[in-house]
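These are the residues of each chain, in order.
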Amino acid sequence: MIAAPPLPLITETSAPFWEAAARGELRVQACASCGRLRFPPRPVCPWCQSFESEWPLMSGRATVWSYVVPHPPLLPAFQPLAPYNVIVVALDEDPTIRMVGNLLASAGGAINEIDPATIRIGEPVSVVFQQVADDVHLPRWVRAR
Amino acid sequence: MTIKDKTAIVGIGQTPFAKSLGGTELALACRAIKAALDDAGIHPSEVDGLSSFTLEDGVEVDVARNLGMGDITFFSQIAYGGGAGCGVVGHAAMAVATGQARVAVAWRSRKRGARASRPWSQTRDRVGGLGEWSRPWGLVRPVDEIAMLARRAMHEFGLTRDHLANAAVAFRAHANRNPAALMYEKPLTREDYFAGRWISEPLCLYDNCLETDGAVACVIVTTERARDLPQPPVLIHSFGQGINRQHQVMTNYHGDDPLMGPAWACQEVLWRNADFGPEDVKVAQLYDAFSPLIPLSLEGYGFCKRGEGGPFTDDGNIQWPDGRLPVNTSGGGMSEAYVHGFNLIAEGVRQIRGTSTCQVEGADTSLVTSGEGVPTSALLLRSDSR
Chain A
1 MIAAPPLPLI TETSAPFWEA AARGELRVQA CASCGRLRFP PRPVCPWCQS FESEWPLMSG
61 RATVWSYVVP HPPLLPAFQP LAPYNVIVVA LDEDPTIRMV GNLLASAGGA INEIDPATIR
121 IGEPVSVVFQ QVADDVHLPR WVRAR
Chain B
1 MTIKDKTAIV GIGQTPFAKS LGGTELALAC RAIKAALDDA GIHPSEVDGL SSFTLEDGVE
61 VDVARNLGMG DITFFSQIAY GGGAGCGVVG HAAMAVATGQ ARVAVAWRSR KRGARASRPW
121 SQTRDRVGGL GEWSRPWGLV RPVDEIAMLA RRAMHEFGLT RDHLANAAVA FRAHANRNPA
181 ALMYEKPLTR EDYFAGRWIS EPLCLYDNCL ETDGAVACVI VTTERARDLP QPPVLIHSFG
241 QGINRQHQVM TNYHGDDPLM GPAWACQEVL WRNADFGPED VKVAQLYDAF SPLIPLSLEG
301 YGFCKRGEGG PFTDDGNIQW PDGRLPVNTS GGGMSEAYVH GFNLIAEGVR QIRGTSTCQV
361 EGADTSLVTS GEGVPTSALL LRSDSR
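Protein chains in written order, with this note's numbering: chain A, 1 to 145; chain B, 1 to 386.
Since the hints were made in silico from the structure, they are not lab data.
Stretches of chain A that chain B covers, calculated by requiring three or more beta carbons in the stretch to come under 8 angstroms of a beta carbon on chain B:
(1) 72-85
(2) 91-105
(3) 130-140
The C-beta atom is built at its ideal place from N, Cα and C for all residues, glycine as well.
Starting from the given sequences, assemble the full structure and let the hints guide the process.
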């Protein structure tokens with residue numbers, strides 16, 4: 001089994017997301033024709049079939065849509081962190097745009113510092129970015145103040 | 001034109017189910033197929049159609065030359081793992097109904113009893129595809145992906161762990177009557193369920209299917225020919241496949257309504273081509289890699305309204321012999337064996353034959369479904385006399 005946490009295999013399609021994340025920006029793909037957001041990124045707009053897209057800046061505000069608390073057996077990198085949380089957030093700009101993340105106690109915190117019993121579906125969160133590799137800054141979330 | 005009642009399942013076969021079996025997946029596949037052909041009273045040289053999972057280790061050419069099959073005129077594979085099972089049988093049925101094959105075999109062989117065989121444990125250091133958007137945050141295993149939907153269903157519809165326990169306890173009770181089941185001699189009480197260790201909250205150990213070595217196969221011919229064969233014909237009344245709008249495999253969090261999965265697309269064609277509806281189904285085998293798939297499937301296939309799949313499992317409703325819809329009467333993936341849901345197809349057939357170890361009295365209709373949460377499929381079976 002791999003020792004380090006798995007990283008994204010960045011592609012031509014996903015590169016704008018990760019390049020923005022490296023600048024501390026949450027950007028989501030949008031159709032350049034009809035303007036509708038879509039995630040994960042893909043080449044064609046399913047609503048108007050346009051192949052043109054842009055990457056507008058999001059506010060970084062979202063709400064918790066659901067969450068889980070994984071326990072072992074896990075990949076070696078996650079095993080010592082368990083139990084930790086994984087959340088899905090719904091972006092304020094469009095609640096059907098949902099992303100997998102983690103809820104942190106602080107911007108530099110670990111994924112196992114929040115008491116899972118305190119996580120509430122619907123609670124507001126704000127994005128933070130954590131660098132985990134040269135080319136990868138993961139968007140994670142802290143409770144909105 | 002539909003394939004309604006044009007074909008029948010005339011043979012079923014399986015290997016033993018165990019945590020560890022000798023032999024390759026190919027060898028197990030051949031054993032199950034040979035057993036199914038023997039059950040049907042058909043010689044391997046007559047087989048001219050093969051239908052299988054893309055994940056199958058032993059491919060058509062190997063199966064055909066090992067078992068001494070003749071010229072193969074139809075072969076097809078379906079992807080997406082646990083969603084494929086009923087579709088594999090359905091494709092075989094379509095081939096036979098349209099004359100592309102005369103004797104078709106469908107199967108699944110799988111060795112996943114060993115811990116090191118789990119796909120999640122083979123996650124690479126860089127993950128592409130859908131995993132790019134989940135694995136880096138520690139959402140790695142199938143159970144984590146389904147637990148996310150389960151938690152949301154708890155919030156949105158009031159699904160509870162009690163409902164999930166209803167499924168785990170009922171399926172175990174069924175397995176305790178089935179000598180072929182891995183859990184034949186291992187009872188499970190509600191207290192045991194709640195004492196089970198967490199795997200991915202809100203799901204515990206007993207919300208998960210088993211991991212098994214084993215293979216299951218079935219044989220499909222025209223209904224006309226089926227009437228001359230030794231086993232009572234089990235007619236394929238209707239068959240469906242489904243990928244719902246904006247579906248994403250497993251991490252289906254991105255559509256308008258993630259709790260409406262592929263079952264909702266599949267049920268539409270399944271019932272459209274059938275002469276009867278959910279209220280006429282006497283027994284159901286619902287794909288149960290994880291317990292939350294039971295309430296989601298009960299809703300998707302129209303046995304209750306949206307959000308009522310949890311309460312539907314109350315009062316022993318899915319438990320043999322008194323439940324109004326006995327579900328997974330051989331123990332299912334959670335207590336018989338996990339052969340990617342193909343053992344559910346064999347049990348659906350046994351119910352119509354009248355040979356289940358939890359036989360539902362007068363079971364002349366039977367529903368079998370494949371995995372919800374992935375591109376899926378379902379079969380509606382019936383007796384020749386209904």
